[in-house]
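Chain W: place on chain Z using the hints.
Here the protein sequences come in this chain order: Z and W. Position one of the first sequence corresponds to residue 1 (this note's numbering), numbered consecutively onward. Position one of the second sequence corresponds to residue 1 (this note's numbering), numbered consecutively onward.
Please keep in mind that the hints were generated in silico from the structure rather than gathered at the bench. Given the structure is predicted, the values throughout are model-derived calculations rather than measurements. Misleading hints may appear alongside valid ones.
Once the Cα atoms are required to be at most 20 Å apart in a straight line, the calculated SDA-like pairs of lysine to any residue come out as [what the hints assert, rightly or not]: (1) W:97 x W:355; (2) Z:102 x W:156; (3) W:153 x Z:4; (4) W:153 x Z:101; (5) W:10 x W:51; (6) Z:4 x W:188; (7) W:368 x W:296; (8) W:153 x Z:91; (9) Z:102 x W:292; (10) Z:102 x W:296.
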Amino acid sequence: MEIKAIYYLIPSLIMFCCGLYGFLTRRNMIAMLISLELMLNAVDMNFVIFNRFLFPEQLEGMMFTLFAIAIAAAETAVAIAIIINVYRSVNQVDVRTLNQMKF
Amino acid sequence: MDYSQFLAMKQEIGLLVVFLLVFLYDTFMPRSTQKGLPAFASIAMLLLTVAGCLGCCLCSCSDVVAFGGMYETSPVISAIKNILNIGVVIVLIQSIKWANGEFMTMRRGEFYELLLVTLFGMYLMISARHFLVFVIGLESASLPLAAMVAFDKNRYESHEAAVKYILTAVFSSAIFMMGLSFVYALAGSLYFENIYGALFVSSTSTMLVIAIAFVIAGIGFKLSLVPFHLWTADVYQGAPTSVTSYLSVISKGATAFAFLVVMAQVFGSLYAQVWEWMLYALIILTITVGNLFAIRQRNMKRFLAFSSISQAGYIMLGVIAYNTLGMAAMMFYILVYIFSNLGAFGVIGAIENASGKVSMDDYRGLYKTNPRLAFTMMLAMFSLAGIPPFAGFFSKFFIFTGALQGASVAIYVLVLIALINTIVSLYYYLLVVKAMFISDDECVIAPFRSSCSERLGMWIALFGIMFLGLLSPVYDSLIDLSSLSSIGMYFIR
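Looking at chain Z on its own, in the form it has when it is part of the complex (with noise of 0.2 Å):
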C-alpha cells in the first residue's frame, strides 16, 4: 500500500498546533521552550515531506531541515541559559512572575 503525503501532513500539523496552544496557554518557561521545540519539528518535517513527495529530484527542503534542526539547537541553548539565570535571580521558571515591567 502506498502511503500518500496527506498521512505525514497531518500529524506534522497536529504537531505545529499542539506547539502554538502550548506556548500560548503553558505558565513553565521549560514547558513553552518544549512547545517552541515542537513548532519547530513540525516545520522541519514539513520540509522533509514536502521535499520527498513533491520534489524528489533535489534535495533543498532537506538540506533546509538540516540547517534548520542546527538552528534549533542553537535557539534552545540560549534560551536555556537565559532561564537558568532567570531561577537564579527569582528561585522560579513561572512566566507569572515575570511581571515587573508593564504598562
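Chain W only, in chain Z's frame:
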C-alpha cells in the same frame, strides 16, 4: 569551486576581520590594556565604515551574484550596509563609558563580539537570495541579541527582558519557517528568483495567502509592527541602554530593508492581490497604536520603545510605496532615524551612567542643571517628530512623497493617517521638551560632565540631525543608486 567569488563579499569579510581583531585583542592582550578594547573596537569599525563608504563612492561596482545565486551584492546593498555601519560606530562610541564600568571587566570582549556577529547576520539577511541564507542571517542576528539583552546580570529587569525576547524571537522564527515551508511546497525551490518565477505563473491560493501572512508575521515580530509589538517595550526597558539603542536602530533598519527585498523579489508579483492590504492594515495599526501608547509612558526607554514602534510604521511606508523612490526614501529614513534615535539614546545613556535616572519625571528642569544634554535631547526629539530645519522633517517628507507615487485613493488615505499621527507624535515628543525646559521644579539630576566618548557620540548624532536634511547629495545619491538597482525591476504593480 571558484574562490574569486569571495571577493564579492568584501564587506562581510571586512566585518569578519574586525571581529577577529577584537577577538584576538580580547583573548591575548595583557589585562592592563583591556580597558582599551572598546576604543579599539570603535576605531576598527570606523575604519571599516570609512573604507566601505569610499569603496561605494569611488569604484562603480556592478551587481554581483555569487555562490550559485545564493548571495547578491549591488551598490544599493553596499549603501544600506554602510548606513548600518555608521549607526554601529555611533553605538560603539556611546557604549565606551558603559563598557569600561567596573561590572563589565570580565565581559567586555563578549559584548563587542556578540554585537559584531549580529551585524554579520544582518549583512547576510540583506544580501541573501536564498531562504536558507536568509534564515541563518535572521537567526544569527537575533540569538546573540538575546544574550546581549541579558547582559546586566545584576539587574533583574535584564533577565525578564531576555526571556521575553528569546521566547518571542523563537516563536516568530517558527512561524516564519512554517510560512517558508508552504512557499517551498508551492514553488519547489527556496531561491528567491525561482520562487518569483513560480508564483508569477500560478494563481493565488489560500495556502499562498497563509504562507505570505506567516512570513509577514515572522518578520513583523522582528520589526515590532503592531500586533506583534508586545515584547518591544519590556525588552527596551530591561536591556542595557547600549543594547537598547542597537536593537532600536540597527536591528530595525536591517530587518526593514531585508523585508523590502523579500517582499519585492519573492512575492513581488502578488503585491496588489495579496500583501498590499495586509501591510496597509499593519502600517495603520503600527503608527496609531505606537503613538497612542507612547503618550502615557513615564520611563524614557519605554517611551522611546513606543516611539520606535510608530517610526517602524513610517519606515514601512517605503515598502508599501513599492517604487524606487520609496526605496531610496526608506534608506534615507533609516539613516536619519539612526542619527535622531542615537542622539536621544546618547543623552539617556549619559544620564543613566551618571545618576541612574531613566524616568521622565526626573528630567524635569534638566535645562537648569545640564543645559547641553537638554539641548541635544531637544534637537533629537524635534528630529524624531519631524520639525522642519532638522533631518527628521526631510525624511518624513521624502517617504510620504515616495508613498504618494502610488496615486490611489487608499494610499492617499494612508498618508493622511500617517500625517495626522505625526501631529499626535509631536505632542508626546514635546512633553519631554516641556519637562526639561518649562518645568519649574528643582531637578534631581545633579550637574555632571559626561565623558569624552559620550560627548563625541552625541556630537556625531547632532551633526547628522542638523545637516543630513540640508545635504542634498546624500538623498540624491540614494535615489540614483536605487533607480539603477536590480531590485527596481521587481516593482511592478
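Outcome of the hint check:
1. Of the pairs offered as hints, the one joining residue 97 (chain W) and residue 355 (chain W) holds, with about 14 Å between alpha carbons and a cut-off of 20 Å not exceeded.
2. A threshold of 20 Å between alpha carbons decides the hint, and for residue 102 (chain Z) with residue 156 (chain W) the separation of about 14 Å falls inside it, so the pair holds.
3. Distance restraint check for residue 153 (chain W) and residue 4 (chain Z): the Cα-Cα separation of roughly 52 Å exceeds the 20 Å cut-off, and the hinted pair is therefore not satisfied.
4. At roughly 17 Å between alpha-carbon atoms, residue 153 (chain W) and residue 101 (chain Z) fall within 20 Å of each other, so this suggested pair holds.
5. With a C-alpha separation of about 10 Å, the suggested pair residue 10 (chain W) and residue 51 (chain W) falls inside the 20 Å cut-off, and the hint holds.
6. Taking the CA atoms of residue 4 (chain Z) and residue 188 (chain W), the gap is near 18 Å; set against the 20 Å cutoff, the hint holds.
7. Proximity of residue 368 (chain W) to residue 296 (chain W) is assessed by CA-CA distance (about 25 Å); at most 20 Å being required, the pair is judged violated.
8. For the suggested pair residue 153 (chain W) and residue 91 (chain Z), the alpha carbons sit about 15 Å apart, so the restraint of at most 20 Å is met.
9. Annotation: proposed proximity of residue 102 (chain Z) to residue 292 (chain W) holds, straight-line Cα distance about 16 Å (limit 20 Å).
10. Under the criterion of a C-alpha separation no larger than 20 Å, the hint pairing residue 102 (chain Z) with residue 296 (chain W) is consistent with the structure, at around 12 Å.
Going through the hint list in order, the structure does not satisfy hints 3 and 7.
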